[in-house]
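Colleague: Residues per chain, in single letters:
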Amino acid sequence: MMDALHRISRDPLGLLGLILVVLIIASALLAGLIAPYDPIKLNIIDRLQGPSVDHLLGTDQLGRDLFSRVLYGGQVALKVAFISIAAALGIGVFLGMLAGFGPKWLDNIIMLFFDTIRSFPTVMFALATVALVGPSLGTVIAVIIVTSIPTYGRVVRTQTLTIKSNEFVMAERAMGVSTTRILRVHILPNVIGPLIILASMDIPTVIALEAGLSFLGMGVKPPTPSWGSILNDGYTLIRNTPWPIIAGSIPLVLITLGFTFLGESLRDLIDPKLRKNV
Amino acid sequence: MGLYFLKRVALSILIVMLAVTLLFCMIHMVPGDPARILLGPRATPELIASLSAQMGLDQSLPIQIVKFFGNILRGDLGMDVITNRPVAATVFGQLPYTLWLIFTAIIFAMLIGIPLGCYSALHRNTLIDRITGVISVACITAPSFVVALYSLLIFAVTLHWFPAVGAGDKGDFWDQVSHLVLPAFAIGLSWVGYLSRLVRASMLEVMSENHIRTARAYGLSENTVVYRYALKLAVLPTVTVIGVGMGFLLSAALFTEIVFARPGIGKLIFDSITTRNYPVVMGSVLVSTILFVVSTTLSDLINAWLDPRIRASL
Amino acid sequence: MKVRPTVQTGVNQKRRQILKATGAIGVAATTGAFSEVIYAQGKKILKIRAYGDLRSLDPAFSQGVIDEEIQSCIYSKLIQYKPGREWGYDLDAAESIEQVDATHIKFKLKAGIMFTGGHGEMTAEDVKYSFERIINKDLESTNAPDWGTLREVIVDSKYEGTIVFDDAYPPAWNIAMPYIVGNIISKNAWQAAGGKVDTTTPSVSGPYTHKEWQPKQKTILARNPDWHGGDAPFDEIHIFPIDDENTAQIAFESGDIDCTRVSLGSVGNLKASPPENSTLEEYPSLFYVWVGMNVENEKMADINLRKAVQHCIDVPSIMQASYFGAASPSTGIIAPGLIGNRAKSNVPPEMNIAKAKEYLAAAGMSDGVSLTLDVLNKAANVTTAQVIQATCAEAGITLEVNLHESGAFWSLGDSSAGERYKDIQLILNRYSMAPDPSYATAWFVTSQKGIWNWERYSDPEFDRLEAAAKAETDNSKRDEMYQTMQSMMEDSGAYRFLTHEATPVIFRNTIKPAFRPDGLPLIRGFTSA
Numbered sequence: 066m067m068d069a070l071h072r073i074s075r076d077p078l079g080l081l082g083l084i085l086v087v088l089i090i091a092s093a094l095l096a097g098l099i100a101p102y103d104p105i106k107l108n109i110i111d112r113l114q115g116p117s118v119d120h121l122l123g124t125d126q127l128g129r130d131l132f133s134r135v136l137y138g139g140q141v142a143l144k145v146a147f148i149s150i151a152a153a154l155g156i157g158v159f160l161g162m163l164a165g166f167g168p169k170w171l172d173n174i175i176m177l178f179f180d181t182i183r184s185f186p187t188v189m190f191a192l193a194t195v196a197l198v199g200p201s202l203g204t205v206i207a208v209i210i211v212t213s214i215p216t217y218g219r220v221v222r223t224q225t226l227t228i229k230s231n232e233f234v235m236a237e238r239a240m241g242v243s244t245t246r247i248l249r250v251h252i253l254p255n256v257i258g259p260l261i262i263l264a265s266m267d268i269p270t271v272i273a274l275e276a277g278l279s280f281l282g283m284g285v286k287p288p289t290p291s292w293g294s295i296l297n298d299g300y301t302l303i304r305n306t307p308w309p310i311i312a313g314s315i316p317l318v319l320i321t322l323g324f325t326f327l328g329e330s331l332r333d334l335i336d337p338k339l340r341k342n343v
Numbered sequence: 137m138g139l140y141f142l143k144r145v146a147l148s149i150l151i152v153m154l155a156v157t158l159l160f161c162m163i164h165m166v167p168g169d170p171a172r173i174l175l176g177p178r179a180t181p182e183l184i185a186s187l188s189a190q191m192g193l194d195q196s197l198p199i200q201i202v203k204f205f206g207n208i209l210r211g212d213l214g215m216d217v218i219t220n221r222p223v224a225a226t227v228f229g230q231l232p233y234t235l236w237l238i239f240t241a242i243i244f245a246m247l248i249g250i251p252l253g254c255y256s257a258l259h260r261n262t263l264i265d266r267i268t269g270v271i272s273v274a275c276i277t278a279p280s281f282v283v284a285l286y287s288l289l290i291f292a293v294t295l296h297w298f299p300a301v302g303a304g305d306k307g308d309f310w311d312q313v314s315h316l317v318l319p320a321f322a323i324g325l326s327w328v329g330y331l332s333r334l335v336r337a338s339m340l341e342v343m344s345e346n347h348i349r350t351a352r353a354y355g356l357s358e359n360t361v362v363y364r365y366a367l368k369l370a371v372l373p374t375v376t377v378i379g380v381g382m383g384f385l386l387s388a389a390l391f392t393e394i395v396f397a398r399p400g401i402g403k404l405i406f407d408s409i410t411t412r413n414y415p416v417v418m419g420s421v422l423v424s425t426i427l428f429v430v431s432t433t434l435s436d437l438i439n440a441w442l443d444p445r446i447r448a449s450l
Numbered sequence: 063m064k065v066r067p068t069v070q071t072g073v074n075q076k077r078r079q080i081l082k083a084t085g086a087i088g089v090a091a092t093t094g095a096f097s098e099v100i101y102a103q104g105k106k107i108l109k110i111r112a113y114g115d116l117r118s119l120d121p122a123f124s125q126g127v128i129d130e131e132i133q134s135c136i137y138s139k140l141i142q143y144k145p146g147r148e149w150g151y152d153l154d155a156a157e158s159i160e161q162v163d164a165t166h167i168k169f170k171l172k173a174g175i176m177f178t179g180g181h182g183e184m185t186a187e188d189v190k191y192s193f194e195r196i197i198n199k200d201l202e203s204t205n206a207p208d209w210g211t212l213r214e215v216i217v218d219s220k221y222e223g224t225i226v227f228d229d230a231y232p233p234a235w236n237i238a239m240p241y242i243v244g245n246i247i248s249k250n251a252w253q254a255a256g257g258k259v260d261t262t263t264p265s266v267s268g269p270y271t272h273k274e275w276q277p278k279q280k281t282i283l284a285r286n287p288d289w290h291g292g293d294a295p296f297d298e299i300h301i302f303p304i305d306d307e308n309t310a311q312i313a314f315e316s317g318d319i320d321c322t323r324v325s326l327g328s329v330g331n332l333k334a335s336p337p338e339n340s341t342l343e344e345y346p347s348l349f350y351v352w353v354g355m356n357v358e359n360e361k362m363a364d365i366n367l368r369k370a371v372q373h374c375i376d377v378p379s380i381m382q383a384s385y386f387g388a389a390s391p392s393t394g395i396i397a398p399g400l401i402g403n404r405a406k407s408n409v410p411p412e413m414n415i416a417k418a419k420e421y422l423a424a425a426g427m428s429d430g431v432s433l434t435l436d437v438l439n440k441a442a443n444v445t446t447a448q449v450i451q452a453t454c455a456e457a458g459i460t461l462e463v464n465l466h467e468s469g470a471f472w473s474l475g476d477s478s479a480g481e482r483y484k485d486i487q488l489i490l491n492r493y494s495m496a497p498d499p500s501y502a503t504a505w506f507v508t509s510q511k512g513i514w515n516w517e518r519y520s521d522p523e524f525d526r527l528e529a530a531a532k533a534e535t536d537n538s539k540r541d542e543m544y545q546t547m548q549s550m551m552e553d554s555g556a557y558r559f560l561t562h563e564a565t566p567v568i569f570r571n572t573i574k575p576a577f578r579p580d581g582l583p584l585i586r587g588f589t590s591a
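Protein chains in written order, with this note's numbering: chain V, 66 to 343; chain H, 137 to 450; chain C, 63 to 591.
If you're looking for bench data, these hints aren't it; they were derived computationally from the structure. As the structure is a prediction and not an experimental result, all values here were calculated from the model. Careful: at least some of the hints might be erroneous.
[What the hints assert, rightly or not] Simulated coverage check for chain H against chain C, where a stretch passes if three residues somewhere in it have a Cβ under 8 Å from a Cβ of chain C:
hint : stretch
1    : 217-230
2    : 288-300
3    : 393-399
4    : 410-421
Note that the Cβ used here is the ideal one computed from N, Cα and C, for glycine as well.
In isolation and in its complexed conformation, chain V is listed as follows (with noise of 0.2 Å):
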């Protein structure tokens, strides 16, 4: 661990990488500290306002400091990417490995099944997705969840599958190892690496997926602030100031550039074998 760190401090990039992720996380977490104002305060006198010394990001349509916002914003943003990222994982780890592993006609069913989520575009999956059970912090955690499981599965039936036809896993199964235990022992530390990195660098996908959501006035409930919805009342804005697009945008490139260089840094370390489209 400490290795790898310091293997990355030694790439500029995957040390700004690093550098970004940990600020960007560590002010979502102490927003409540760092924050100047409540995030969901209306102070309908001072609205609209531009930057200043009292409003870094000037103020909303209901007066709200949008620098608050936008640091209350990197609570949601994190808990949307880290939920749905890792129950994605959980699940996509468990089919995968069951379609490695599994009988054939069940790795075929598995594979439809990723092939069919797959083969729709996400955002029309997600329409449908919030026009049945409406929109909620729940219902785009969902969705991407669902989306993303096929990603991660496949990664893993391909890992699984190489490394079942390894002559030392054969012979352990011959000698009556159970399959749990050799899935726990030899397949998942060997899948679990690669697809960390391939986590972190779907995590920005996963936070433009809210936004793009919260644009269409379907992601989450007001007044909780979130990079999305911050950029879904700048859009109405946009005629009467840029601020908030500017607020909603800058922290949602700089974590996808965070994440971004600090997934491929790793990757180049770890794996540099592994590629985006598996």
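Following the hints, put chains H and C in place on chain V, whose structure we already have.
Modeller: This is chains H and C only, laid out in the frame that chain V set:
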């Protein structure tokens, strides 16, 4: 190869059918009565019942699905009961706009992204590589609707370089082209970044492979090695990614078509989902899913055909 | 079609082509782009925005304003809305028209009004056919209610006829004859087409003909050379469906359209720095926005809680935050300028937290209460909901805001679509209306419960007044009745009236537009300046 081809096609058809059935079920669980929404506040209960019957909504879900697929086999996507036009006419009327948009965006992304990636790979870890790296990632990360909004404000409203909304006059080629520039830029920009990163990575990988090293060892010039051998292999993953990217591009097209008030299949899907115009939802989803599956399958096949490593394993 | 080639248009055309060409290769060329915007390809073209796409060219099946804006250009009516700031009408196909008694209207058509497509001259037979088919049950016209108590049209001579009602129906002058169901079509042509038409039309008689519909793109109308009113001012009219107002404004500023409604949020900026060579005008609007409370919901059944909510909502703050100060608080559901508009509401627009707390105490909820507020996911609504959420919190009412996309929202209160109507507590709603008070009150009677009356408000006295007011011919009595009805709605605690919004429109100075008093364009009245 022939068997592989047949298997892929059969699988694709199965996937499209499954996907459409799934969506059919989902959409029908969605609250919201299309007849009510379509007819407006003054509709009487009798009118609503009559329209529901026209849409086939009074039948059970399995029957509706079977009928739907039955009609498709006869080339009939059903009737759009609001305008009384065949759904196929509506969908295929909108499809070309989206296809042109996606096509232009991809070409734009390839023309800029691939050379950028090659250049970066060949000058690995120089300052220029780092700068293009940062710019590429910044391009990837900018949400397409934000790019769309800003390009609209800057290039259409402030500078008046390009028109803002619509798709241009039918029959006026240059008018249509000028309407295409900004939307294509908006959805193509992230692909510029994406392709350049991808080409850079796969170029690096290819350059380190044995046969390239061998080629070098045989004393072929660096240029020949790069452009005759490496580039061809390095662009392969791009083909796959563009195939898979159809889905993303369809999604991005949806946002762009809304921002630029441009006709197209994305906007059609969005409008028909929010108005619960079921026949049009099903028709347009079917067509765009087919589009997506066909492009992924094609890219797989092309890849299999181009890449000796994959071809050998078939 | 008459094209007017002049030296000027030729030059303009060239210049536009050059602009386009330079634009395509990315060279900035910004000056002088708009002065000749109404000319393109040598034709005089009006480009205007509509907020939705064409659905039908048959008056029996048109969907509100969007279709009517197109239909009113191609069909004739006995009378047309008069452009300007006050409601009134001008004669169109009618040479004369009068209300002879409470249930009879006599009209005489102008001679020589021709239908296109060789369908001959307009006669009283055509009027009879046009009006009576709307109320014919077999046709299933969605617009039948607009004709109210219409019984029949009697043909008195070739050009003369009498419109007969079962009961007095004053709204005929406001929302029937000059609106959707007042369009007169050719009996001959319609019968040949099988009794109804879709998105094409066999015959028209207005200043323009329907040339082409490009779905999701535009509708093109062309000058009708045979129009009885002379020469229509434009060679073509292009109507662009653009639903978002920001996009529409951008389209205006970049020169793609010549006239559009803009969002209330832009009014301040447009006033401060108006785009070159254009005019901004503000009209009132007929929309009514309110917060409804479901009187049958378990929690909301307590009138004291409803009154507490009424006093928690600060309308002036909402006007600032959601409407950028460009709209004013409303007193009910009937807008100023119409019969039945109230001067004052019973609950003042400003919030009164102390009073709200008193009502909460009376309801036994001093410790606070959690409620839900259902909202359609449009920007202004979401902002309004958040203002309400914030002020309610001050009195101890916790609001959860539920956003819905349009499909889901418009079926929320529908009792035929499941049980969801029971869960509505607070709902932010906005209805459009036509310029007659009966159009507003019709949705809040007992029989509309579970259809459009989502508050499930019910009062026999209200129902009685609603029926009586519709048939009342004395305008001052009518006025009083509608005022009383709105008072009753407010006193029930089920309604907190917010605003009628406003209609700011912007247009290029190269055209002379014509608007209804509520700012909707009367496209047939547009001319070039």
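Colleague: Need the list of violated hint numbers for this structure, in ascending order.
Modeller: none
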